[in-house]
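Student: Start from the sequences and build out the full structure, keeping to the hints where you can.
For the sequence shown, UniProt numbering gives the first residue as 1, with consecutive numbering after it.
No lab work stands behind these hints: they were computed from the structure. Do not rely on the hints blindly, as some may be mistaken.
As the list claims (entries may be wrong) - Simulated pairs of lysine to any residue, SDA-like, Cα-Cα distance not exceeding 25 angstroms:
| hint | residue 1 | residue 2 |
| --- | --- | --- |
| 1 | 117 | 93 |
| 2 | 117 | 77 |
| 3 | 30 | 44 |
| 4 | 99 | 113 |
| 5 | 99 | 119 |
Unchecked claim - Label-pair restraints from in silico Cβ distances:
| hint | residue 1 | residue 2 | range |
| --- | --- | --- | --- |
| 6 | 12 | 67 | 45 to 51 angstroms |
| 7 | 62 | 106 | 30 to 36 angstroms |
| 8 | 117 | 67 | 30 to 36 angstroms |
Note that the Cβ used here is the ideal one computed from N, Cα and C, for glycine as well.
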Amino acid sequence: MLWWSWVLLWTVLVLLGAAFLGLMLWRLVKTFFALLRDTESAAAEFSQRWEDAAAGVQRPVRVAPDPALFTPVGQAVADYRAGRDQRETARLRRRIERKDRMGRPQRIGDIRRAERKGMFNG
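Tutor: What follows is the structure, encoded as structure tokens:
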């Protein structure tokens with residue numbers, strides 16, 4: 001074969017390959033934008049349904065807390081310990097009330113812990 005036929009052959013092959021890749025890229029972009037439109041409509045529908053559902057609720061829907069990324073470590077530890085103590089006190093109060101309701105004897109540890117927290121089982 002002559003040298004110019006090789007150049008012509010490879011030029012045609014490269015152009016065909018580039019056209020194929022361009023066509024595939026165009027289909028991918030078109031599909032991506034269609035998916036993006038569908039996602040946007042689904043998000044709009046979801047937010048509308050969420051607002052409609054939240055409108056009928058007496059108590060407000062729980063709002064997500066602020067991210068604690070920039071909270072000082074000491075304050076984060078203090079907040080955690082305060083929450084932990086509140087949960088422990090609520091658990092203790094529920095356990096004491098449940099045993100009172102059922103007529104069962106209280107645990108000595110519960111009574112001592114309640115007294116330390118200022119709760120008196122009278």
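Student: In ascending order, which of the hints set out earlier in this document are inconsistent with the structure?
Tutor: 6
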